[in-house]
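**Q** Using the sequences plus the hints, can you model the full thing?
Same order as they appear, the protein sequences are chains A and B. Counting from 1, position 121 in the first sequence corresponds to residue 121 in our numbering; the numbering is continuous, with no gaps. For any residue, its number in our numbering is found by taking its place in the second sequence, counting from 1, and adding 1000.
Hints may be right or wrong, so weigh each one.
In the EDC-like style, the derived pairs of lysine to aspartate or glutamate whose C-alpha atoms are separated by at most 20 Å in a straight line are [claimed, not checked]:
1) A/K196 - A/E259
2) B/K1011 - A/E277
3) B/K1390 - B/E1379
4) B/K1231 - A/D48
5) B/K1390 - B/E1356
6) B/K1268 - B/D1146
7) A/K234 - A/E191
8) B/K1329 - B/D1285
9) A/K44 - B/D1234
10) B/K1268 - B/E1228
11) A/K195 - A/D48
12) A/K49 - B/D1234
Don't read these hints as lab results, they were simulated from the structure.
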Amino acid sequence: MSTLPMVNPVEPFLRTDRMPHIWCPGCGIGTTVNCFARALVESKLPLDKVALVSGIGCTGRVAGYVRLDSFHTTHGRAIPFATGLKLSNPNLNVVVYSGDGDLIAIGGNHFIHAARRNVDITVICVNNFIYGMTGGQTAPTTPIGATATTSPYGCFERPFNLPFLAESSGAVYVARWTAFHVRHIAHSMVEAIHKKGFSFIEILAPCPTLYQRRNKMGDGLETMHFYKQHSVIKNGARTREVDINLQGEIVVGKFVDIERPTLQQTMDQQLRQTLREQYAGPGGV
Amino acid sequence: MMPTLTTANSKSVLTGAHFLDGDQAACEGALAAGANFAAGYPITPSTEIVERFASRIPTVGGIFLQMEDELASSIAVVGAAWGGAKVFTVTSGPGFSLMMEHLGYAAMTETPLVLVDVQRGGPSTGLPTLPGQADMMQARWGSHGDYEVIALCPNSPQECFDLMIDAFNLAEEYRTPVLMMMDESVGHMTEKVVIPPAEEIKILPRRYTSLPPSEYLPFRPGADGIPEMVKAGDGYRIHVTGLTHDEQGYPAMNWQAQRKLVGRLVKKIRDNADRITRWEEHQVDDAEVVMVAYGITSRVAKRAIQLARAEGLRAGLLRPVVVWPFPEKRVRELAGRVHSFLVVEMNYGQMFYEVERCAGGRARTELLGHGGGMVHEPEEILQALREAAK
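**A** And the structure:
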């Protein structure tokens, strides 16, 4: 028998003493974390200078599993926590890793303001169209017609189109992939981490326990087939045209990659220009 | 181990005699204490503190960020603290309510920070421009779950400066959020404030560990019950969570971990209550009626003592300077020998219940309270003193 590698290549990036994790079989979050670990290798960043911040929810648990400085904060507030962390310690690469409910419902205001300010952080949103941790309630991403425990007769609210929301709020990097697109995800993560400013990646991921099952969309594997068949890569697509429907085409790709001064740069520039030699800088450690 | 006290950075200290209002003085206190990061959201009557900070901090070295709401402000400062900054945020009434979740998060994650509440009339939007003292119990119990806080209560602009430095030092010593419970009158009254030379201001640095990452556990308490801290980026790869956690910082969903952690969070303050709590007394030695009042109300109470003594009524004042932990031992002692307590406060009874509890039926406890909007008149306190002396 040939010798197999005994150590999973992503293991050094994980708190293996916390395994097994809480995620269900077929859940897409673990897949994205695997991509993230690979992206960290590829990014060549010193891991001591990468901090990960999560909110609350299934994806919010990512912070507890990565062997980085990691902060599991309050519901919806990962982004303002990350803003304080980044500004006080600008040498850190700060990544916010959370779910659609956390980042876009309860945390939606912080999302648009951080994008507007162009805070130099990366936001990874695992979008499973549902509240998983609490048992399958309607999210601001739930497609019209999908059922959830709090939309038992089908969701009738228009969901957010996250790439459009991010771009129109000021994000300088916006991409969307599904959990099927593992290489694309890892590549986008590397780009986003190196991007100066507010970078955003939406990753559609199956929640077989609560979303797929309830909507008769099969298990995790069937969802991967669905993603494969229904995804269309359109790099540079107009974000206003990438809405997601229950069963329709899913437009994925890198939609936005522009340059704009970051919050720290504009702050520094404005204060230096006005205060001249009186300006003592942002402090920082 | 407790770090050695240092002195303030001369660049941030505005040494000299100034004419400042309480809000401005509190800002100068924060700067003198070494605060280099604040986040805030405008709200009357606290806004002047961050306005001054926004103007001063770029010349000292640090950051002010106006956030989109109080939820964001109160968690941005927690993030900045874990990045290594000395932080505070400032609010009033409705904003204080919004910050409650993060007060609990800071207590749970043992994040040193200072939260200033310049109290106005409430509930809800209430009286934005007028004083109140009705957030005193919210300061103590406002976030869900069990925890202990430290809260200070200045009664003059000078004390707004002085106590801000104490607040920062206490936050670092006990690794806990510390509250500055001002009121609109103290925040907006202008008086002489003397700011000493930097070398006379004692600063307690953050309790950073000297252990290497291999030996360090982020929530393992020292002998005094308080763990040493690290900041992000130093190679310790810590995990911080608001979930109940073990000494490694990992979530632990069981009653044993809960008891150990929350028990310690409570104990680290309670066991040191005698060291933390502080009060001031006026003519208490021979007093038959002792008033308990704090903030602006304590100053009116002093005038009422003069009026009472002029007619032979022996009144005194106990003013909690640190309101939480409450100076309960002293109240218990006095309860054994005074005729009655009169609690004067701008609410319908908050610290009153604390005094009544400590008096334990051994001295009558009366309340002179109202809903805020104006400070008490000395004459109405005098009338209440007469009743309390009966």
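**Q** All hints, please: hold or fail.
**A** Evaluation of the provided hints:
For a cut-off of 20 Å, the pair hint linking A/K196 to A/E259 stands: about 8 Å separates their Cα positions. For the given pair, B/K1011 sits about 14 Å from A/E277 by alpha-carbon distance, which is consistent with the 20 Å threshold. For the hint pairing B/K1390 with B/E1379, the CA-to-CA distance comes to about 17 Å; that is within 20 Å, so the pair holds. Distance check on the hinted pair: B/K1231 and A/D48 sit about 11 Å apart at the alpha-carbon level, within 20 Å; holds.
With a CA separation close to 18 Å, the supplied pair B/K1390 and B/E1356 stays within the 20 Å bound. Taking the CA atoms of B/K1268 and B/D1146, the gap is about 13 Å. The hint holds against a cut of 20 Å. As the CA atoms of A/K234 and A/E191 are separated by approximately 17 Å, the hinted pair is consistent with the 20 Å bound. Distance hint between B/K1329 and B/D1285 is fulfilled; the C-alpha atoms sit about 16 Å from each other, no more than 20 Å.
The straight-line distance between the Cα atoms of A/K44 and B/D1234 is roughly 18 Å, inside the 20 Å bound, and the hint therefore holds. A C-alpha spacing of about 13 Å is found between B/K1268 and B/E1228, which places the hinted pair at or below 20 Å, so the restraint holds. Distance restraint check for A/K195 and A/D48: the Cα-Cα separation of roughly 19 Å lies within the 20 Å cut-off, and the hinted pair is therefore satisfied. At roughly 8 Å between alpha-carbon atoms, A/K49 and B/D1234 fall within 20 Å of each other, so this suggested pair holds.
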